[in-house]
Amino acid sequence: MTHPPKSSAAPPAGPVGVPGVPAQAGRPPGVAPAVPAPRRTAFAEGVERLRTAATTEPGRLRIIGAVLALLVVAFGAVTAWQTGERSAAADDVLHRSQPLSSGAAGIYRSLADANTAASSGFLAGGQENAGSRDRYEKDIRTAAAGLVTAAANADPGSASEATIARLNRLLPEYKGLIERARTYNRQGYPVGGAYLRYANEKMQKQMLPAAETLYTTENRRLDTDYGQARPYPWAAIALGLFALAALGWAQRRMYRRTNRVLNHGLAGASAATAVALLWLVVGHAVARSGLDGSYDHGVRSLSVLHDARIASLKARGNENLSLVARGAETVTVDGKPYDAYYYDFDKDIAVLGKGLTAAARLADDQGGTAPVEAAQGNMAVWKQRHAAARAEDENGNYQQALDKVIGAKGATGECFDSVDRNLAQAIDHEQSEFRQAATDGRDAMTGLPVGVAVLAVLGAAGAVAGIGRRLSEYR
Amino acid sequence: MYADRARASLRGWGGVAAMAVLCALALAFVLLLPRTQQQAPDRAGQRVTTGTQADADGCADADAHQRTLAPSGADGPTIDAIKARTGAKRKLIVGVDQNSYRWGYRNPNTEGAELEGFDIDLVHRIAEDILGDPDAVQFKAIPTSQRIPAIQDGRVDMVVRTMTITCDRLRQVAFSAPYFKTGQQVLAPKSSPITGYDDSLAHKKVCTAAGSTAYAKLDADRKQGRPAASADISTTVPNQLDCLVRLQLGEVDAVVTDGALAASQAAQDPTVELKGKAFTTEYYGVAMKKDATDLVRRVNRVLVDYRAHGWQTSYDTWLSATLGKDAAASKPPVPRYLAGS
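Line order of the protein sequences matches chains G and A.
So for the first sequence, this note's numbering puts the first residue at 20; every next one is plus one.
So for the second sequence, this note's numbering puts the first residue at 7; every next one is plus one.
These aren't lab readings, by the way, just hints derived from the structure by calculation.
Don't take each hint at face value.
Restraint ranges, calculated between C-beta atoms of paired labels, are given here [what the hints assert, rightly or not]:
hint	chain 1	residue 1	chain 2	residue 2	range
1	A	Pro140	G	Asn148	27 to 37 Å
2	G	Ala170	A	Ser197	47 to 57 Å
3	G	Thr168	A	Gln158	13 to 23 Å
4	A	Gly118	G	Glu198	21 to 31 Å
5	G	Arg152	A	Ser197	27 to 37 Å
6	A	Gln158	G	Gly207	33 to 43 Å
7	A	Gly256	G	Thr351	32 to 42 Å
8	G	Arg152	A	Pro199	49 to 59 Å
9	A	Thr116	G	Gly195	18 to 28 Å
10	A	Ala76	G	Gly150	51 to 61 Å
11	A	Gly330	G	Asn148	35 to 45 Å
12	A	Ala80	G	Glu198	47 to 57 Å
13	A	Ala76	G	Gly372	22 to 32 Å
14	A	Glu117	G	Gly372	50 to 60 Å
Built from N, CA and C at the ideal position, the CB exists for glycine as well.
Using the sequences and the accompanying hints, generate a full structural model.
Take a look at the structure:
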């Protein structure tokens, strides 16, 4: 006890001076009150009272009772606070940050896919077919819906909010450029292609980087929520152990003085505290293991799968653009010039390959492994077909290269679609695994804050009752 | 006595209660602390533009088109290397444009991915002469600023892409004899107060293609305060057609490019028009590697023949609609070659 009990008794009679402040000079003479004996501070008074109380057994008992009750209540309060905080963070993981992280990946995917669909339509020449138009429109709708969800969940003034606002501004701009490109294409003017390039530049240089930033930010929030949900509530555990020890000590003291083995109140208080402590430790351990599971089997897989999906989209985009640009862009690596888009394609496919290998390693059941392995198979075929298409292009057989990339049968487009479909399936599976594990984890903490608080109140009441029973023997 | 004791005990428990209230308050405060977030800085890319220098080693731009080698049908090392290509690779690799309406472009409404236009016709004619097959061509689309590097790096055998013969370029690549005559012109919306290459361009944003003669001319003139020192020429794009996009989006006020290409732009948008007369005279030539003398002579021989048979047909097919029925203003001059070549 560092603080004295606050006095609720009537104030002492006489003029009330300001304690601890010496009488000020310069007061008009004559009005000066009769100075009483200097009044001590409330603290000093309290300490004095405590010291007096400690000299008698009832006083000591009262102090012990107060300390015990306070310890148990403090244990309950700290537990309620710490577990409440963890439970809220676990809930955020499940219902807020993880869905938002997946949503951000979805926005990126839709935007990149819309751009690829638009450039495929241009590559095909003539008027784009219904399939590629539907795909483009669906992607734009998905991206717009994703942005609304993300905006509704963004904290005001946060970095995410700024990024979402930017994307919301750019999306109609992009769409406007694509519509102009379509109109001019219909009229047979090459300025349609120029609009498409401009739209593509806006997508590649502004929108996709912004979407990537959003994804990174949401992932960071997910990590933060995990970080807040997982740590052991050490303060609560320590306080619980301390309260238990104090209760034990009080009972031992009472036994020594009265030879009575059992004080019902104190025993009840100990039991309530022990149960609360056990609940806290076990409940949190279960919750933690559920959350760890959701991270290891869900979030890690999901992150790898999302990255792989984005890599496959980038690869497809670059494959298309190499044919749109027709060798216009080159990069020089180690003194050798390469087609910029083919060079990037090779990098993207390598990332995809690594991602799929990692995803296969992380997948822990048939439902997760099967689609990843299927995607690996699709990717192998894609690489073969791409090599053939590139050989045609490098030999100047542009039309044949085009057929091998966006053609109806046996084109690399089929492989990309299969990879994308399988990755979508794998993502669905891991998403449900995540939801299962994270729900289990969060549910393990359900009722914990309230339950422990109630137990603590009961425990404190028990301690007070137990001490009160002993006190009554002095009356 | 009993009452005193009760009061004292009450006083004690009152302190405990006050403590509990304090604890609860502190808890509430901690729990309600707002969370803060960090903001990641955005990084914007920067575009670097380069100017061109204009100096003479006895070369004047006005007769730069006469500094080419006399025609000859003889094979040399460059042509031998092209002919030595086998199988699917036995093709002439030519840098072209796929965005210049009626010069080199892909019509989105024709089946297949064939490029077509005035430049493309000439390419087929050269391929036929060298390899015996007009379709033995591998087209590479090249941005304006990449034409010279593509030749120097050997990525293409030649560039046939509305490329003006200038002294500056002659120092880096070799040109054939001219195959077309044009001049820089201003393109702006019909409603625009801009009247041509004059002080009506003051405080206007002018778009050019990076690495084009239009940009070089504007840059050089502006250093001397012509036609208006306040004109903003900082907008450069990979292809002259991208300027039309910027013009339509209102990002620039005018476009400066070759009259032949400006007419192609105007043909795609009825609300813009050419403003004023052409303010330069330029000749398009086929660009090749500086040391490919045999190829230059061969192309020049093709051009002699092409001017007599083919040029007018190609003009009528592609350009008469945009440049007018009368081809006189576009006809290249009678070729002259370097003395003693």
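For which of the previously enumerated hints does the structure constitute a violation, in increasing order of number? 2, 3, 8, 13, 14
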